[in-house]
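Need the complex rebuilt from these two chains, each delivered in its own frame; the hints are there to steer you.
Chains as they are written, first to last, in this note's numbering: chain A, 1 to 302; chain B, 1001 to 1217.
One or more hints might be untrue.
The list that follows gives simulated cross-link-like pairs (lysine-lysine, BS3-like), each with its CA atoms no further than 30 Å apart [what the hints assert, rightly or not]:
no., chain 1, residue 1, chain 2, residue 2
1, A, LYS18, B, LYS1130
2, B, LYS1080, B, LYS1129
3, B, LYS1070, B, LYS1005
4, B, LYS1129, B, LYS1070
5, A, LYS107, A, LYS72
6, B, LYS1080, B, LYS1070
7, B, LYS1130, A, LYS201
8, B, LYS1130, B, LYS1089
9, A, LYS97, A, LYS139
10, B, LYS1130, B, LYS1070
11, A, LYS97, A, LYS107
12, B, LYS1080, B, LYS1005
13, A, LYS107, A, LYS152
14, A, LYS97, A, LYS152
15, A, LYS18, B, LYS1129
16, A, LYS107, A, LYS146
17, B, LYS1005, A, LYS201
18, B, LYS1129, A, LYS201
19, A, LYS146, A, LYS72
20, A, LYS201, B, LYS1080
21, B, LYS1132, B, LYS1089
22, B, LYS1080, B, LYS1124
23, A, LYS72, A, LYS152
24, A, LYS72, A, LYS18
25, B, LYS1070, A, LYS72
26, A, LYS18, B, LYS1132
27, B, LYS1089, A, LYS18
28, A, LYS152, A, LYS139
29, A, LYS148, A, LYS97
30, A, LYS97, B, LYS1089
Quick caveat, the hints were computed from the structure, so don't treat them as lab data.
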Amino acid sequence: MIRVWLAQHWFVFMATFKRLLATPITSLLSVIIMGVALSVPVSIYVLVENLQAIANERNSPQMSIFLRNDAKQADVDRIRQDLEQNPQIIELEFVTKDVALQQLLEKSELPDIAMNLPRNPLPDAFVITLNENALENLKQLQEDLKGKPEIKYVQFDSAWIERFSALLELGHSIILMITMISSIAIIAVMFNTIRLQIATKHDEIEISKLIGATDSFIRRPFLYFGALQGLAAGAIAWLIVLLLIHLINEQLIVFLRFYEMEFLLGSLSTENGLSLLFFSTWLGWLGARLSVSNHLWRIEPQ
Amino acid sequence: MITFKNVSKRYPNGYIALNNINLSINVGEMVFLTGHSGAGKSTLLKSIAAIERPTSGIITISGQNIAQLKSSAIPFLRRKIGIVFQDHKLLFDRSIFDNILLPLQISNFDTQTAASRVRAALDKVGLLKKEKAMPITLSGGERQRLCIARAIVHRPAILIADEPTGNLDIAYARDIMAMFTSFNQVGVTVIISTHDASLLENTQHRILSLAQGSLLA
Ligand SMILES: Nc1ncnc2c1ncn2[C@@H]1O[C@H](COP(=O)(O)OP(=O)(O)O)[C@@H](O)[C@H]1O
Ligand SMILES: [Mg+2]
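Okay, chain B solo, but in the shape it has when bound (with noise of 0.2 Å):
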């Protein structure tokens, strides 16, 4: 379970991104998390993997505080967790197959372990066939399912993705909000953000709204 207790985020300059939020999620649980841009939803979404800490309040995953980890703890908070970052945070200097295999290489996964799980998150995401190409070769909508791959490849138990269907047409997006539930039907707690209303109109899950840093009743 994640929550998070009157967290607040002022940022260096004095901007208040995040002003006493008040939350909880469930193990297994989809939410997603919408409002304007600028509303706070990148920064909620990086609190929860420590990559911005609040200036005050608690966040907690399976009862652990997150606000108040060692930096050398960190990098095992962010192993549990996989992240579809809004702006993608690819390597372009490598290939597919390699930019997936580097969560795997971070958590010492054997060689030829990593590379059968490298190719079964390459095959939900359907990019099977692309594994030596170069992401500069990717449409956006590959790149998004790219990214995607990343973030599943070494299984978490938390899935965050950042406006995933940020710049993608309505069909597109719709196939992927369909991979991310079937994800959380196999028991991953999704964290899904987007500005685009008209992608939640008949969703079951719940809907978090953000505006100017609180979260609206």
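Pulled out of the complex, with its shape left as it was, chain A reads as follows (with noise of 0.2 Å):
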């Protein structure tokens, strides 16, 4: 039975493959199409993705944790905990106020002033170091570290940090809006294959149903046909990437020799890329589904 069912699905995949390749050039417009939209979005994560590393490579982010005047000893272990708990946090050092004001006091160029000052006003502190994926959730962390009552305030120790955390977050949601607007496009073209490919099968469609044909059945190849264009649009947007960052690699090489530096940009990871092709397929499939469901019913034998 499972022989039978796989031998039938492998002849309608096999009848598929033959049909793409009996219409290579518009097959390959239309996977060249969709190739082109989708590795738009891919090529911008990339490049964020680098832009992320190097930003990580340079500067472990740093974060002051300012604690309220009023705390008490358990406030502070209580709060410790919590911090060493946390895996995104690689160092804790805890800086109590009169550690602080002597260190302001050496820097100060006014050390009167503060040697006069009644009693102490600066607060209990922990300066914590972040690990490199916490770049990506600083903000979330900050929300978090906020919302405890015995802390007052939370402050990234360079506004260059939390500029960059920013500008990531405008990144993934501009990859996010451009992958939406490259999926509609392969959608759509994957829409219009189908459509045209119904057109010219009127014939067989309305033969088989005359003749038993579940919709299933007749939707099958169509169905094929549109994850495999998919899959073939993913192959092709994964190339694309690949062939920018090695040019844009290329110039690196040539210009950073000049600074006497060394600096490569990584690539698409094979899971992501595994990822890529996962989805286009997804989207080839979905557009001839939708596709197929506004056409098929059409086709009503006489």
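Written out as structure tokens, the structure reads:
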């Protein structure tokens, strides 16, 4: 039973493949259009990933957490425990208000004034160093910490990191938007391709229905066609990104040689590449599915 | 058994093609359906396979009401029936072999069984040597036999043929009628429509006459 079922699917799959090869120019054209559309968000994604990697290499992000002036030792211990359990934090330093004042006095040009303060105005603070991955959800971590009653204020130690984190967030939402636009483009191309195919296969569909074909039997080759084209489009997008990164790297080598530096952009990881193929296959299938359910019922045998 | 009870069919344009038809056809019976062009023969035959749905009345096959069948059940009804269409409904972009293979593919036959069944059907209609040819290269009579091979390849219990001798000369027509008789002799219920009364002159089989959508007594 399973064997027959597999053989049937294999047969349809091969027939679909032959159909792809039967109209090589048309098939190639729509696959290229879809591949190019998909390569745009993927390229931006790879570039943003690279920027992030560069940023992480230069600075490990640091944050200062200032406690309230009335924080008790118990509060301090509780916060420390919380922070120690957070996997994003790789270094934790506690700076008491006395130490902080000491440091201020050493740096300050007005030691007299500081000396003459009636009491130490500085709070206790934790200075934490975060790991690379934390950069993406820096804002979230900041909000979490601010929510604790013992904590008065949370500050990034460099405004640059805060801005960069915001920029990354912007980058990610731009990627998301462009991905959606590209996806719509792919679905539209697939929708139209399948619409044309259904038109040329009108007789075959009508006759199949007349002699007892189920809807799923009639749908199957079109869905395979959509999925195969989607897969090919994903492969083309991947190739485009590989090529793009390769070309940029060639330029980078020449450019950085003047500064006696060496740096290469990383490309799309295999894991992400496979996700891309999976996603594009699904998109092709979806476009075909929408087109088929839109056009097939119009062919009613007479 | 096939039964029609008070079956009427009005087309969307208002034309009444079948008017209160009552009939029954036994299992293993062979019947002819005659009437002038436009009498409603094709409409009646198509309604057996749920290709046209009656506006009112009940059609049953082995007790199952065809008129009330869900659309998802229709493919399985059609697989029990072999149909020779008046307008052939052949696929001209594939070989004779592949045309006959189609009903078996639809019913998920495995490739080897399907191939041997296709050849058996081709043998029965005398087209075995032409399995690789394209339908366009066939004569009118050969095309008709191709249609018959496709209608019987999945070994249906009911065979419906809509004017299978339509444009054929008399010798060819007799040939084809003999073919249907031989299918009937192995137990298939056969229903054949024709507007050519001369073919039925000395038949022993029942004849149903249609005129303007009504059955004549
Ligand atoms: N789809 C349709 N819409 C409207 N009228 C139709 C349709 N099909 C057939 N008819 C009409 O119904 C009548 C019977 O047609 P049909 O069953 O094909 O007759 P026959 O096969 O006996 O020639 C004819 O007058 C024909 O014009
Ligand atoms: Mg007719």
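Decide if the proposed pair is consistent with the structure: A/LYS72 and A/LYS152, CA atoms, cutoff 30 Å inclusive.
Holds - the C-alpha atoms of A/LYS152 and A/LYS72 are around 13 Å apart, at most 30 Å.
Need the status of pair A/LYS18, B/LYS1129: alpha-carbon distance at most 30 Å?
Holds, at about 27 Å.
Pairwise hint evaluation, B/LYS1129 against B/LYS1080, where the allowed Cα distance is 30 Å at most:
28 Å, holds
Would you check the hint for A/LYS201 and B/LYS1080, treating anything up to 30 Å between C-alpha atoms as holding?
25 Å, holds
If you draw a straight line from the CA of A/LYS97 to the CA of B/LYS1089, is it 30 Å or shorter?
92 Å, violated
Under the criterion that the straight-line Cα-Cα distance not exceed 30 Å, is the pair B/LYS1132, B/LYS1089 satisfied?
Satisfied, since the Cα-Cα distance of roughly 19 Å is no more than 30 Å.
Hinted pair A/LYS18 and B/LYS1130, Cα distance within 30 Å:
24 Å, holds
Between B/LYS1129 and B/LYS1070, does the CA-CA distance stay at or below 30 Å?
Since the Cα atoms of B/LYS1129 and B/LYS1070 sit roughly 41 Å apart, the hinted pair is violated (cutoff 30 Å).
Take the C-alpha atoms of A/LYS146 and A/LYS72, compute the straight-line distance between them, and say whether it is at most 30 Å.
Holds: A/LYS146 and A/LYS72 sit about 18 Å apart, inside 30 Å.
Proposed proximity, A/LYS201 with B/LYS1005 (alpha carbon, max 30 Å)
37 Å, violated
Can the restraint linking A/LYS148 and A/LYS97 be considered satisfied, given a maximum Cα separation of 30 Å?
Cα-Cα ~19 Å, so holds.
Holds or violated: A/LYS18 to B/LYS1132, with C-alpha atoms at most 30 Å apart
Holds, at about 19 Å.
Checked against the numbered hints above, the structure breaks hints 4, 10, 17, 24, 25 and 30 and satisfies the rest.
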